[in-house]
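Please take these sequences and the hints and turn them into a complete structure.
Chains A and B are the protein sequences, given in the same order.
Under our numbering, the residues of the first sequence are numbered 1 to 314, in order.
Under our numbering, the residues of the second sequence are numbered 1 to 466, in order.
Please note that the accuracy of each hint is not assured.
The calculated lysine-lysine pairs, modelled on DSBU-like cross-linking and capped at a C-alpha distance of 35 angstroms, are [said to hold, decoys possible]:
| id | chain 1 | residue 1 | chain 2 | residue 2 |
| --- | --- | --- | --- | --- |
| 1 | A | Lys79 | B | Lys447 |
| 2 | A | Lys79 | B | Lys243 |
| 3 | B | Lys92 | A | Lys127 |
| 4 | B | Lys92 | A | Lys79 |
| 5 | B | Lys383 | B | Lys146 |
| 6 | A | Lys79 | B | Lys229 |
| 7 | A | Lys151 | B | Lys205 |
| 8 | B | Lys170 | A | Lys151 |
| 9 | A | Lys151 | B | Lys200 |
| 10 | B | Lys302 | A | Lys151 |
| 11 | B | Lys146 | A | Lys79 |
| 12 | A | Lys79 | B | Lys119 |
| 13 | A | Lys151 | B | Lys277 |
| 14 | B | Lys313 | B | Lys200 |
Treat the hints as calculated values from the structure; they're not laboratory data.
The structure displayed is predicted, hence computed values, not measured ones.
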Amino acid sequence: MARPRRSPEVQGIRTRKYNPRESLAGYLFISPWIAGLLIFTVISMGWSLVLSFQHFDLSTNIGTPAGFDNYRQIFADPKVGTSLRNTFFYALLAVPLDITVALLLALLLRGVRWGSGLFRTIYYLPKMSPSVATAAVFLLLLNGNEGAINKALGLLHIPGPQWLVDPAWVKPAIVLMSLWGVGGSMVILLAALQGVPPELYEAAAVDGAGRRAQFFRITLPLISPTLFFLVIVNTIGALQVFDQAFLLFYRDGNSNAPDAALFYGVYLYQQAFQQFNFGEAAAMAWVLFVIIMIITVIQITIGNKLVFYEGSSR
Amino acid sequence: MVRNIKAGLALVAVSCAVALSACNPAANTQSGPATNGGTGGGGGFSKTLSGTLKTSGFNPSDEVGKARGDYATKQVAPVTVSMDTTNFDPQKFAAQAASGNVPDLIQVDRSTVDTLADKGLIIPLDQCFSTWGVSPSEYYYPAAIKDVTYNGHVYGVPQFFQASIIIGNKSVMGPAGVTMADLDTSKPDQLIQVAKKMTKQSGGKPTQLGFSPDLPGSSALWLAVFGGKPNDSNGKPTLDDPKNVEALTWMKSIMDAQGGYAKVKSFMDTFDTFGDKNEYVQNQAGAMTWAQWYINVLSSTKDNVKLQATTIKDTSGSVIGFAGGTAFAIPKASKNPSAACAWAVKVTSLDAWMAAGSARAATVAQKHSIMTGLFTGSPVADKAIRDKFVKPSGNADFDQLIATSYDALQHTVSFGGSPVGQQISDALTNAVTVTLTGEKTPQEALKEAQDTAMRAYSQSNLGKNG
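In structure tokens, the structure reads:
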């Protein structure tokens, strides 16, 4: 049996010759980005790794070999453990909440026929507001005695907690502030929801599937790659949390915050720029790098078993 | 498709992790050329001045700062002075130090001076003072000089010494049956009862605070009240000293007596501290611990408040004039140490402070306010300003407040500097906070704080050399 002929387009692609001038133009176009990556990321990372094995003297700009001293120091420091526990707790709380709220908002917005652009803008606006301004607002909102959140809870006869002082409520307070920027995840999920073919819902409705069944059997599987992407990206972001905690609790450069507010990124900053222990700070950064890598690999391994990719055999 | 997604996710993970390390502040630290100390070296100071002077941290935002700054700048002519008026930022300074492009003169908190000295980032100023004929131990408060002395050398030019006092609100104290004599810090247990007496609550939340010891901000002051100290005379941390434990136990008790730290702090966060409806006008507080500068703030509401002040005493009954403050220091890589030295000495000189006093007196006259004095870091300047500018105001309450502030200056105390002064201060503040929030007991908190401070101390040059 004769093999089918390839289409002219496919033939064209396969037979197209390598053009060095075109390649050169391409490389030239991306060269600013490559230069930036090399200078500000790759070389900086290299220096950081070297620094993590040195005792660095800022007055002379000279580092002396330290072996694993910096790593030993951070593993012996109980505050590193405290800050890591706080960071994990925050990530476990913040990531699912962010994605859930974003999904709920995206589902609501998908159903909006009139003024959807306006609502999308409104929900995305908080993401655009500077962290400092957001923190200033949340300091007022979260005041345990006079804050608007507790006043609202009071209307429901719920005694509001001391969000910014009670160690048990400090991390939930930071999560609340993080949810202010949920618009970022929402926009991504909205795009994913709009990519789900409507005929699938029509077919399901004809087969008698209700809204609940449609959501769990059609919507969730088809947006699962996007959810998976958000889980990974948001986890990485949550493990690097810095600005929310710093602005709510350490903005004056002092330490009058409960231990519950000490996050890994904040402690790393304190080591580097309040105590000038650059070697230890670099070691802390690399430890976090390894932790993030391990968590990401685990997430990818598990995620690939759960995520539905259109066109795949699963 | 799966492979592409996998690769994409892996790329995202790697990119984010790479970005993390790229953002790692330490990563950029070595990118600049080695400075090797610049021209500052050991401090070859001269009276012959030229070139430019870059200062950092000094902000002539009010008439006092402007008058002093203008005076000093005139004195160092023909030097051109340019100012970075933002507060000292260790991150910025670290980046500047790494690139060898530091300001010539920095204004920092006095607790930071010994840390910078220990790291070799600033130079001793003994020769600077002698060049200009200034005897630091005579011209400045000995306590302020002690704060900036490292290994026997003075590394900072102190400015401001605003001792803490207790400012009572007679409108609250009277109805509660509390007198100024009751606010006696030499009897800490009595103070708890007095605080309780003046506290009012509604729905479990304070609506009137009895007594604020200013925690955790003034923690070190309360250690001194109980005879404790955060570090010894060599700068070695002593945070787990039993007297400190006693002090912290008291801090927890006085907060608990008024509803607990969390509720008190949330209540205090609602105070209009600098406004016309401040906590004294609103009768939201019975008595509070304040540095002298707050009298100046209160003077703008002088007709709406009834005040009385008292000094702070230790448990043996001795008055404690305890204050923080800032100092000028010259970075090792300063390109113009002579001009930096001259400007720092001139801006804290008697003439500069008298110019500032004159400017403040003019402002006060214009606003029909009260001249509450300037508390300069120098007993010589303080006396001269008081003699010339501080007159009876016609408001007996404020005159008493001002007199109390000057009384405190007769009894200045200092724990002395430490190469890990900032770390000790941070560790103490953290210990007080975690105790007040109930996360740890005073013993646990101070033990952990001591371990943290000792870890830093053992890494300092002074600590390494015993």
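Cross-check of the supplied hints:
Using a Cα cut-off of 35 angstroms, the hinted pair Lys79 of chain A and Lys447 of chain B holds, with the two alpha carbons roughly 13 angstroms apart. With a C-alpha separation of about 25 angstroms, the suggested pairing of Lys79 of chain A with Lys243 of chain B holds against the 35 angstroms cut-off. For a cut-off of 35 angstroms, the pair hint linking Lys92 of chain B to Lys127 of chain A stands: about 27 angstroms separates their Cα positions. About 25 angstroms separates the Cα atoms of Lys92 of chain B and Lys79 of chain A, which keeps this hinted pair within 35 angstroms; it holds.
Under the criterion of a C-alpha separation no larger than 35 angstroms, the hint pairing Lys383 of chain B with Lys146 of chain B is consistent with the structure, at around 21 angstroms. About 23 angstroms separates the Cα atoms of Lys79 of chain A and Lys229 of chain B, which keeps this hinted pair within 35 angstroms; it holds. Proposed proximity of Lys151 of chain A and Lys205 of chain B is supported: the alpha carbons are some 13 angstroms apart, at most 35 angstroms. Distance restraint check for Lys170 of chain B and Lys151 of chain A: the Cα-Cα separation of roughly 32 angstroms lies within the 35 angstroms cut-off, and the hinted pair is therefore satisfied.
Simply put, Lys151 of chain A and Lys200 of chain B have alpha-carbon atoms about 20 angstroms apart, close enough for the 35 angstroms limit, and the pair holds. With a CA separation close to 33 angstroms, the supplied pair Lys302 of chain B and Lys151 of chain A stays within the 35 angstroms bound. Restraint check for Lys146 of chain B and Lys79 of chain A: satisfied, since their Cα atoms lie roughly 31 angstroms apart, inside the 35 angstroms limit. Of the supplied pair hints, the one linking Lys79 of chain A and Lys119 of chain B holds, its CA atoms being roughly 23 angstroms apart against a limit of 35 angstroms.
Restraint check for Lys151 of chain A and Lys277 of chain B: satisfied, since their Cα atoms lie roughly 22 angstroms apart, inside the 35 angstroms limit. Using a Cα cut-off of 35 angstroms, the hinted pair Lys313 of chain B and Lys200 of chain B holds, with the two alpha carbons roughly 26 angstroms apart.
Figure legend: structure checked against the earlier numbered hints; every hint is met.
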